[in-house]
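With the hints as extra help, turn the sequences into a complete structure.
Line by line, the protein sequences give chains A and B.
Numbering-wise, the first sequence is residues 1 to 324 according to this note's numbering.
Numbering-wise, the second sequence is residues 1001 to 1252 according to this note's numbering.
Just so you know, the hints here were simulated from the structure itself, not pulled from any lab data.
A virtual CB, placed ideally from N, CA and C, is assigned to each residue, including glycine.
Check the hints yourself; a few may be wrong.
[To be verified] Once the Cα atoms are required to be at most 30 Å apart in a straight line, the calculated DSS-like pairs of lysine-lysine come out as:
1. K1118/B with K1187/B
2. K1105/B with K269/A
3. K1105/B with K1118/B
4. K1176/B with K1213/B
5. K1118/B with K269/A
6. K1213/B with K1238/B
[To be verified] Beyond 10 Å from chain B on every Cβ pair, some chain A residues (computed):
7. V150
8. R266
9. E293
10. V313
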Amino acid sequence: MPERSTSPGLSPRQVLIILAALAAVSITAFMVIGAKGSWGFVLPFRGTKVWGIAMVGGAIAVATVLFQTITANRILTPGIMGYDALFRLVRTVQIFFLGGLSYATFNAQLQFALETVLMVGLSTLLFRWLFNRAARDLYLLVLVGIVFGVLFRSLAGLMQRLINPNDYAVLQDVMFAGFNTIDKSLLMVSTLAILGTGVWVWRLLPALDVLNLGRDNAINLGVAYRSVVSQVLIIIAILVSVSTALVGPVTFFGLLVSNLAYMLIRSHKHALILPAAVLLAIIALIGGQVILERVFGFDSALAIIIELVGGVVFIAMLLKGNRK
Amino acid sequence: MIRTQAVSRAYGDTLVVDNVTLDIPACGVTSIIGPNGAGKSTLLSMVSRLLDMSAGSVTVDGLDVTSTPSDVLARRLSILRQDNHISARITVRDLIGFGRYPHSKGRLTVEDRSHIDKAIDYLDLGALSDRFLDELSGGQRQRAFVAMVLAQDTDYVLLDEPLNNLDMKHAMGMMKLMRQAASELGKTVVLVLHDINFASWYSDYIVAMKGGKVAAQGPAPEMIRPDVLSEIYEMDIKVHEIGGQLISVYYG
Ligand SMILES: Nc1ncnc2c1ncn2[C@@H]1O[C@H](COP(=O)(O)OP(=O)(O)OP(=O)(O)O)[C@@H](O)[C@H]1O
Ligand SMILES: [Mg+2]
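In structure tokens form, the structure reads like this:
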């Protein structure tokens, strides 16, 4: 018998079961540890929070894995490529033209839907153009992404300076959300958006696996390459809109969970990698929150720590890629 | 039949494939030869819709490759490029399994598995089938990719330098396999080759490219001649008949 070259370890299925169990433990711990007062208040309050965090984590995880598949690398994330900066620019432009008062009183869900549509349109145009040119050169992509990010941020910064102080207050309010201050008015519409993209991703799963073989092999095998890549870009734009609207920009977190998922699952199948990445995101965000806040008593340090670790991993991977 | 009509490809101002009109006969082995940079890979990429043409058109069995849906073509024509790099970690068997994607869209049937097993067998990959691609030698990896294309089981098989990295035994085995596919299964095999003796021995038809144009074409015996080859490669090439086969000698 030929020897299997994978080191003896857990099968992908076993890994998924363990991750699911860990996620369940994290969620339960988050709900019950340190609860004071009536359960009737604590559970719904914390439940909403868990729900929001889980969705944001899942959205970032899926967006990152998909982005890495279509760019054939494990180093980039939508955040690094300036996606969330673009979303915040779209939001600033809206407040700039509508004025803070009408923005604040305007139906939040409608607002968000409008922003997402704009975001999908702009990012798909931009990144499709970019992939036609630079997809094969990772370092060029990184560079362009950084330039895009700076450009979007400076544009948004410029407009923020031009608007009046009252509008700016509204802006600050909607711009600087965080894992602790998830915007609850958007939970329902975000949930719908995420479920929708979930079904969409599900239908693309076989084609996504083929994309792993690179553009030319995918075309050879009959994948409608342009169409699939465009669809994936739209899905990513929706997911980034959701996560950025709910908690703000997260640059490196996706990098962490996608690479961990690939390390643990050791398969190229998206049907295994995507759930693993989502579960890892939930464990990291909710489990991390429990440990930091409830056990060590730090407030809101989680995002910073995760970004720090993710940033270090990013640099390490760039250096490693360079040596090859 | 593969038919190219006035096909050109330009990069900037340079035409790397220049107005090529060519019929590649069905059911047989056709080899494309020619010096580096002649435009062989570029032509093959356009025929297989991997690269847009600057001008002209290509049909395969009458189907226009730019307008026919990709999945329809994928059941009729397969292509293996000169260089293949995959960043994902995939085993040999999984890679070959992808060859069945055009037929079963990722859900392997019993028939798919038999095609996969046959391809593994043909390319002598039995002992390696559970290895990851990045754990293989260059020639082993090349055979795995060819096996994927064979598993695709298309009437037209296009291979850009399939003998890259192969030792003599496996190179000969591969050419015999192609010969057999053409003669017994009626497939149309198009190969880009640098070893003109392999081309001479195993192909029915030879197309020589040079400077983006078709410099000469014809049945193999008519092409393996000192004057034709010397002109194409701009060097002195002698041809000897050995055991009824034309062998070129160009050393020294
Ligand atoms: N992307 C590109 N941009 C500019 N020029 C290109 C590009 N791709 C190929 N070329 C040029 O087109 C010409 C033909 O290239 P092609 O790869 O078709 O040659 P080939 O006949 O396959 O050569 P080889 O035997 O070395 O594989 C070469 O001169 C090459 O430099
Ligand atoms: Mg070539």
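Hint by hint, here is what the structure shows:
no.: 1; hint: K1118/B with K1187/B; result: holds (16 Å)
no.: 2; hint: K1105/B with K269/A; result: holds (13 Å)
no.: 3; hint: K1105/B with K1118/B; result: holds (19 Å)
no.: 4; hint: K1176/B with K1213/B; result: holds (29 Å)
no.: 5; hint: K1118/B with K269/A; result: holds (24 Å)
no.: 6; hint: K1213/B with K1238/B; result: holds (24 Å)
no.: 7; hint: V150; result: holds (28 Å)
no.: 8; hint: R266; result: violated (7 Å)
no.: 9; hint: E293; result: holds (37 Å)
no.: 10; hint: V313; result: holds (17 Å)
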